[in-house]
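K.L.:
Position chain B relative to chain A; hints supplied.
Number of protein chains: 2
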Amino acid sequence: MSFMPPTDSMFLLAENRDHPMHVGGLQLFVPPEGAGPEFTEDLLESFRRAGNVSPLFRKRPGQPIGTRWKNDETIDFDHHVRHSAVPGPGRIRELLQLTSRWHGALLDRHRPLWEVHVVEGLKDGRVAVYTKVHHSMVDGVSALRLLQRSLSEDPDDRDCLPPWALPSRRTPAPRKSFDPLALVGAGAGAVGEMAGLVPASLKIAHQVIRDHDITLPRAPKTVLNGPIGGARRFAAQSWEIERIQRVAKSSATTMNDVVLAMVSGALRQYLLEQHALPDEPMTAMVPVSLSLRAGDDVAPGNSTGLIVVNLATDREAGATRLEEISYSSRQAKKIVSDLSPTQFLAISALQMLPLAMTPIPGFVRYTNPPFNVIVSNVPGPREEMYFNGAKLDGMYPVSIVTDGQALNITLASRDKYLDFGLIGCRKSVPHLQRLLGHLESSLAELEQAWG
Amino acid sequence: MSFMPPTDSMFLLAENRDHPMHVGGLQLFVPPEGAGPEFTEDLLESFRRAGNVSPLFRKRPGQPIGTRWKNDETIDFDHHVRHSAVPGPGRIRELLQLTSRWHGALLDRHRPLWEVHVVEGLKDGRVAVYTKVHHSMVDGVSALRLLQRSLSEDPDDRDCLPPWALPSRRTPAPRKSFDPLALVGAGAGAVGEMAGLVPASLKIAHQVIRDHDITLPRAPKTVLNGPIGGARRFAAQSWEIERIQRVAKSSATTMNDVVLAMVSGALRQYLLEQHALPDEPMTAMVPVSLSLRAGDDVAPGNSTGLIVVNLATDREAGATRLEEISYSSRQAKKIVSDLSPTQFLAISALQMLPLAMTPIPGFVRYTNPPFNVIVSNVPGPREEMYFNGAKLDGMYPVSIVTDGQALNITLASRDKYLDFGLIGCRKSVPHLQRLLGHLESSLAELEQAWG
Numbered sequence: 001m002s003f004m005p006p007t008d009s010m011f012l013l014a015e016n017r018d019h020p021m022h023v024g025g026l027q028l029f030v031p032p033e034g035a036g037p038e039f040t041e042d043l044l045e046s047f048r049r050a051g052n053v054s055p056l057f058r059k060r061p062g063q064p065i066g067t068r069w070k071n072d073e074t075i076d077f078d079h080h081v082r083h084s085a086v087p088g089p090g091r092i093r094e095l096l097q098l099t100s101r102w103h104g105a106l107l108d109r110h111r112p113l114w115e116v117h118v119v120e121g122l123k124d125g126r127v128a129v130y131t132k133v134h135h136s137m138v139d140g141v142s143a144l145r146l147l148q149r150s151l152s153e154d155p156d157d158r159d160c161l162p163p164w165a166l167p168s169r170r171t172p173a174p175r176k177s178f179d180p181l182a183l184v185g186a187g188a189g190a191v192g193e194m195a196g197l198v199p200a201s202l203k204i205a206h207q208v209i210r211d212h213d214i215t216l217p218r219a220p221k222t223v224l225n226g227p228i229g230g231a232r233r234f235a236a237q238s239w240e241i242e243r244i245q246r247v248a249k250s251s252a253t254t255m256n257d258v259v260l261a262m263v264s265g266a267l268r269q270y271l272l273e274q275h276a277l278p279d280e281p282m283t284a285m286v287p288v289s290l291s292l293r294a295g296d297d298v299a300p301g302n303s304t305g306l307i308v309v310n311l312a313t314d315r316e317a318g319a320t321r322l323e324e325i326s327y328s329s330r331q332a333k334k335i336v337s338d339l340s341p342t343q344f345l346a347i348s349a350l351q352m353l354p355l356a357m358t359p360i361p362g363f364v365r366y367t368n369p370p371f372n373v374i375v376s377n378v379p380g381p382r383e384e385m386y387f388n389g390a391k392l393d394g395m396y397p398v399s400i401v402t403d404g405q406a407l408n409i410t411l412a413s414r415d416k417y418l419d420f421g422l423i424g425c426r427k428s429v430p431h432l433q434r435l436l437g438h439l440e441s442s443l444a445e446l447e448q449a450w451g
Numbered sequence: 001m002s003f004m005p006p007t008d009s010m011f012l013l014a015e016n017r018d019h020p021m022h023v024g025g026l027q028l029f030v031p032p033e034g035a036g037p038e039f040t041e042d043l044l045e046s047f048r049r050a051g052n053v054s055p056l057f058r059k060r061p062g063q064p065i066g067t068r069w070k071n072d073e074t075i076d077f078d079h080h081v082r083h084s085a086v087p088g089p090g091r092i093r094e095l096l097q098l099t100s101r102w103h104g105a106l107l108d109r110h111r112p113l114w115e116v117h118v119v120e121g122l123k124d125g126r127v128a129v130y131t132k133v134h135h136s137m138v139d140g141v142s143a144l145r146l147l148q149r150s151l152s153e154d155p156d157d158r159d160c161l162p163p164w165a166l167p168s169r170r171t172p173a174p175r176k177s178f179d180p181l182a183l184v185g186a187g188a189g190a191v192g193e194m195a196g197l198v199p200a201s202l203k204i205a206h207q208v209i210r211d212h213d214i215t216l217p218r219a220p221k222t223v224l225n226g227p228i229g230g231a232r233r234f235a236a237q238s239w240e241i242e243r244i245q246r247v248a249k250s251s252a253t254t255m256n257d258v259v260l261a262m263v264s265g266a267l268r269q270y271l272l273e274q275h276a277l278p279d280e281p282m283t284a285m286v287p288v289s290l291s292l293r294a295g296d297d298v299a300p301g302n303s304t305g306l307i308v309v310n311l312a313t314d315r316e317a318g319a320t321r322l323e324e325i326s327y328s329s330r331q332a333k334k335i336v337s338d339l340s341p342t343q344f345l346a347i348s349a350l351q352m353l354p355l356a357m358t359p360i361p362g363f364v365r366y367t368n369p370p371f372n373v374i375v376s377n378v379p380g381p382r383e384e385m386y387f388n389g390a391k392l393d394g395m396y397p398v399s400i401v402t403d404g405q406a407l408n409i410t411l412a413s414r415d416k417y418l419d420f421g422l423i424g425c426r427k428s429v430p431h432l433q434r435l436l437g438h439l440e441s442s443l444a445e446l447e448q449a450w451g
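Chains A and B are the protein sequences, given in the same order.
With the numbering used here as the guide, the letters of the first sequence map in order to residues 1 to 451.
With the numbering used here as the guide, the letters of the second sequence map in order to residues 1 to 451.
One chain only, chain A, in its complex shape:
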């Protein structure tokens, strides 16, 4: 039993049936050469047999909720590790439907807060693994890092362990980064560190805005920024990094800019079809990493802050959108480069602040959103990776949506690919899967302009 810090408990306290607070990952694996039909069963067995469950995956919230963690001695593997199957015709489409359902269901708080589905029945022979972990246990980036750490670069390695069985020293360090979702929890009534942080940050942030003559971008109201329900839609697809790199090179922009331009074009097309495109340009909140300067006022290490980028969704031509996005993003980074990490974190907090207000009933109906969509890029493995000989063929992040932010796009790099995971509220983001087609046609348009 141990004290639960507010950075953990706020995600438990903020959670309800419409706002599950877990993050997930959907992995695809190609079974090794010559693997028979017993491959899934063997994988399940290796998951269930993994004896030494690390302390992180034994933690269960004690009563009253939010006050302490308890440690479970015995782990009910039949509860945590589940065997599932994709119904006919066994396409990725059906797998995404299942993932949407799983991601919309709350975790059982009487057990450690994680769940894994090993999924058979894809007609292409691949096997999927959907992993779900509560945000009070671990944040999204650390969760993906755990998934990665269970993999090996060596296709002949047969000593791979699932994330929950990794030796303790390999489990993630306490959160150092600025978590975009942290304030959502803070607003829901958690006390302590976070609550203390906000007023101090506000003071620093306002000072910075005055000193640097900064104008924070304004976001229009859109259908993506209303209250949400509990059901989800998930869509996922991989793009070759080379295609995105080529556009970035010939347009003298960055890969991140090109990704944002893909998102911009896709959202524009999607909202046009629904007669819901706002006149003003939409904006995206983008976490960026922050290399700390020597002699600085926070502890050394890598940290993350947030910038808001103009998506230029009011412009028809893809090339124009990419130019404006790149300009906006350079401006934001230029400001950031002049700030100390503490000032940067303060500005980030200021921009997230309206999200912290969303648990107040009706709040999101009457205010402009701080930004329209979160687009997050998480670095993944640079090589082909394997789990006991099965080749990783996709690793799609499944993030969290909240009132006011009904769509979240998180992508992870993997080998030669960018794996996009799009999660949305089922009700506010109908036909979410159409965004995949629009992302592709956006990229194709950019390739034509800059190829």
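Just to be clear, a hint being listed does not mean it is correct.
Same chains, same names: a pair is fine if it fits in one copy or spans any two.
Below, in silico cross-link-like pairs of lysine-lysine (DSSO-like), each with a Cα-Cα straight-line distance of 30 Å or less [said to hold, decoys possible]: (1) Lys123 <-> Lys70; (2) Lys249 <-> Lys333; (3) Lys249 <-> Lys334; (4) Lys427 <-> Lys221; (5) Lys203 <-> Lys123; (6) Lys70 <-> Lys427; (7) Lys221 <-> Lys70; (8) Lys391 <-> Lys427; (9) Lys333 <-> Lys391; (10) Lys333 <-> Lys203; (11) Lys416 <-> Lys391.
No lab work stands behind these hints: they were computed from the structure.
P.N.:
Frame of chain A; chain B shown alone:
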């Protein structure tokens, strides 16, 4: 939009992540002769195409929760009608695991409160349909009746409609029966009819107890009567009515007595294995139907009341247990036959009253339960039934468990079978499926004694 009566709203207000308040049914179908692999897809299509959704299945709770029903004009069939698959090796065991997971997940309150899974992948070629309906919409008995009404006795009938598309006149009448779960909701803070009923009933009940010199059976504390979590275990199996009837006949008892003796033997064996059998005999709460006498003080029709029967789990021999159960059940019915329906309902309410207290934190830890287990017997079709040519081969009720009542056994008669559905809290009722084997060996023991 319409006012929501407290008999509906209390089930919404009492619901939380540990206490989902929906009832379900798991049906098995044998596809018609010569049906190809497209059978499941066709069934799904016929479910989704069913145009005229009845008002009952369009109802959605409006805000604030518990005050009013709203009517949805458009129905999102992709949300309500779901395609699922049993993973390998495709046994009933895997189907039951899936059903347990589905039954432990909350319904989305932003949509009408129902969900249907059409399940393929059973290796024996049968197709399963799991249906889930919120108790605020319809009670368990009416839900099973709706499932029945969508079936036909004619194997050549191809005009069968799913429950939600049945003409309005065939939807169930408002609740007339005494609902064993009603007081659970009432205790959770609902006001109005139910709250008014309780004090009046108490007065009548105490009068009856004095006048008739009744001793209400006392139940020991058992592991089945503690607080519960949100995850579930479901087990199901069919028994031939003829076997049960034969024992009832030669032992001069009733079918209901034999069923209770099966349950008694199974619970005894199950708790012995866990070193958790109480010294005192356990009791079961059994809903019984009540034929209203002419000139009586409540509206005519069929009504249901509750009796508590001694299960004699302290006796080793099956034959002895059956004798004691039969005696206890006759005593209870004898008392009942002397009562007016109002008096009977009042006594039933009195016995349920402790359940109404269970939402008070810690209550179930410190008091004896009013009874140890609910055993409910629901009449079903007497003939073979079909849905568009597919033969019904099982219809297992999936009921609700609550704090203090971690196991519920509900059975439905069907053609020549009794279909048992056992639902339990995953944590308090480990190895629930073992009860199936114990039910069978209990019956076998009775057959040996009375066969």
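K.L.:
The structure should be examined with respect to each hint, and the outcome stated for every one.
P.N.:
Going down the list of hints, with the structure as the test:
Proximity of Lys123 to Lys70 under the C-alpha cut-off of 30 Å is found in neither arrangement, the shortest distances being 42 Å within a copy and 41 Å between copies. Taking the shortest Cα distances, Lys249 and Lys333 sit within 30 Å of each other inside one copy (19 Å), while across copies they are farther apart (86 Å). With identical chains, the CA atoms of Lys249 and Lys334 are at most 30 Å apart within one copy only, with a shortest distance of 20 Å there and 90 Å across copies. In the homo-oligomer, the alpha carbons of Lys427 and Lys221 lie at most 30 Å apart inside one protomer (17 Å), although the nearest pairing across protomers, at 45 Å, exceeds that limit.
Taking the shortest alpha-carbon separations for Lys203 and Lys123, neither the intra-copy value of 57 Å nor the inter-copy value of 66 Å comes in at or below 30 Å. For the identical chains of this complex, Lys70 and Lys427 are inter-copy neighbours only, at 16 Å across copies versus 36 Å inside a copy, given an alpha-carbon limit of 30 Å. Taking identical chains as interchangeable, the C-alpha atoms of Lys221 and Lys70 lie at most 30 Å apart only when they sit on different chains, with a minimum of 27 Å there against 43 Å within one chain. In this assembly of identical chains, Lys391 and Lys427 lie within 30 Å of each other by CA distance neither inside one copy nor across copies; the values are 35 Å within and 36 Å between.
Taking the shortest Cα distances, Lys333 and Lys391 never come within 30 Å of each other, neither inside one copy (37 Å) nor across copies (67 Å). Taking the shortest Cα distances, Lys333 and Lys203 sit within 30 Å of each other inside one copy (21 Å), while across copies they are farther apart (75 Å). Taking the shortest alpha-carbon separations for Lys416 and Lys391, only the intra-copy value of 14 Å comes in at or below 30 Å, while the best inter-copy value is 52 Å.
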